[in-house]
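Enquirer: Chain by chain, the residues run as shown.
Number of protein chains: 2
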Amino acid sequence: MNLILLFPDDFTAPDRVFLGGRRFEHIRDILKAPCGKSLAVGKVNGLMGQGTIVAQKADGFELEVQFDLKPPEALPLTLILALPRPPMLKRLLFSAAMLGVKKIIILNFNRVEKSLWNSSSLGPQAIEEQLVLGLEQAKDTLMPEVSLKKRFKPFVQDELPALIKGSTALVAHPGGAPLSAPIGKPVALIIGPEGGILDYEIELLKAAGCRPLDLGPRILRTESVFPFIVGKLFAF
Amino acid sequence: MNLILLFPDDFTAPDRVFLGGRRFEHIRDILKAPCGKSLAVGKVNGLMGQGTIVAQKADGFELEVQFDLKPPEALPLTLILALPRPPMLKRLLFSAAMLGVKKIIILNFNRVEKSLWNSSSLGPQAIEEQLVLGLEQAKDTLMPEVSLKKRFKPFVQDELPALIKGSTALVAHPGGAPLSAPIGKPVALIIGPEGGILDYEIELLKAAGCRPLDLGPRILRTESVFPFIVGKLFAF
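Residue numbers (the numbering used here), protein chains in the order written: chain A, 1 to 236; chain B, 1001 to 1236.
Okay, chain A solo, but in the shape it has when bound (with noise of 0.2 Å):
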């Protein structure tokens, strides 16, 4: 926890907040943070600052708080995820957080298994779990928005070439083209499940628009190619 992010409820004045539960155990315990200590917080969706911790309570920190510094800018990327199970779904929605992702659609393909849609990870209190720790983790407050796809064709025929107009759609698959430099313009990125997505699937992709990105020939686990992808996507 390199930031604590605020929530409306935490305030109890414009400049004063109370934190209970994980971040008092948090201060407490691991960061063994006293009395005065200024800490990194920030408003979700809103500025980040300072906070100065003014009282512990038996159950809580009361902390002084001041804003004046934007967040990180947002990176200019949506991304498309088959839905994996709950261990990778919980690492994949804190990495697109952390690394500033701000849209993140899951879909539905052939190869990912039904019941999965049946998942607690998949309830709005666990995603925005995940998504509070990523952006704890990087320094950052914008909440990424995330809906859930549960058709894939209608999806890809009727909703993806609006939403990927005017950005470079890239399906990781191989076969397709490796990418050499970075780009600068938004991205649209999908990643399917771990058993590939099929020859159909793909062929709907590339009507609405993507293009296959091979990312040669290791074969890399979800979790790792996502931050791969964006490693390469973006010079900064």
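Since the hints were derived computationally from the structure, they do not count as laboratory data. Check each hint, because a few of them may be wrong.
Unchecked claim - With a cut-off of at most 25 Å between alpha-carbon atoms, the simulated BS3-like pairs for lysine-lysine come out as follows: (1) B/1149 to B/1102; (2) A/114 to B/1032; (3) B/1103 to B/1185; (4) A/114 to A/139; (5) B/1114 to A/32; (6) A/165 to A/206; (7) A/149 to A/206; (8) B/1090 to B/1043; (9) A/90 to B/1090.
Got chain A sorted already, so can you dock chain B onto it with the hints?
Expert: Just chain B now, kept in the frame of chain A:
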């Protein structure tokens, strides 16, 4: 497991292997492969090829194997890594092997907890286990070499300059230059501890010939930093 890595002890004849234990269970329970099925195999540090299941015993499978394919080229990158906590170490060894790194040096830094050097995750078998999993994920056979350096200063002053000769040596550290285009030659990449690299350590690394590499305003986790930088460094 996209490839079954074979070791000398697995061979019962030049073209026969017997696979028990973890690989037996994987073939039986995950791949659910019947007799006659052909699977991708590779000899450790040798060629890749195909194995056909010829018999299933109570405790293993017998495969007839042939080899005709070179493993993918090594990534021209030496990874020098501050010793992380065991779960992160496991993921990083896996990830380095998967991405094609063949030389990994685990180094002490001031902000590495000293007790971590006694962790069982640094034992040769524990290290090999993660490397094997990474190679099996990527479809590669060339086993990386891992060495442990428990003393920072003697390593940086006495060994590092020779080690990085002919390479671009980079250390992930705020305030360095960003990297705007892939590098076409060998790289030595140093990733410090989660808590950061001390000024004193950075000065020693610079004196040894390393250049700080800035990764932008976000603070990334080590496990994502590594594929992120590899994506940046190499065009493939």
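Enquirer: For each hint, tell me whether it holds in the structure or not.
Expert: Here is what the structure says about each hint:
1. B/1149 to B/1102: Status holds; Cα separation ~17 Å.
2. A/114 to B/1032: Answer holds: residue 114 of chain A to residue 1032 of chain B is near 20 Å, not above 25 Å.
3. B/1103 to B/1185: holds, 15 Å
4. A/114 to A/139: Violated, at roughly 35 Å.
5. B/1114 to A/32: holds, 20 Å
6. A/165 to A/206: holds, 14 Å
7. A/149 to A/206: holds, 18 Å
8. B/1090 to B/1043: holds, 23 Å
9. A/90 to B/1090: Since the Cα atoms of residue 90 of chain A and residue 1090 of chain B sit roughly 18 Å apart, the hinted pair holds (cutoff 25 Å).
The structure fails to meet hint 4 from the earlier list, while all remaining hints are met.
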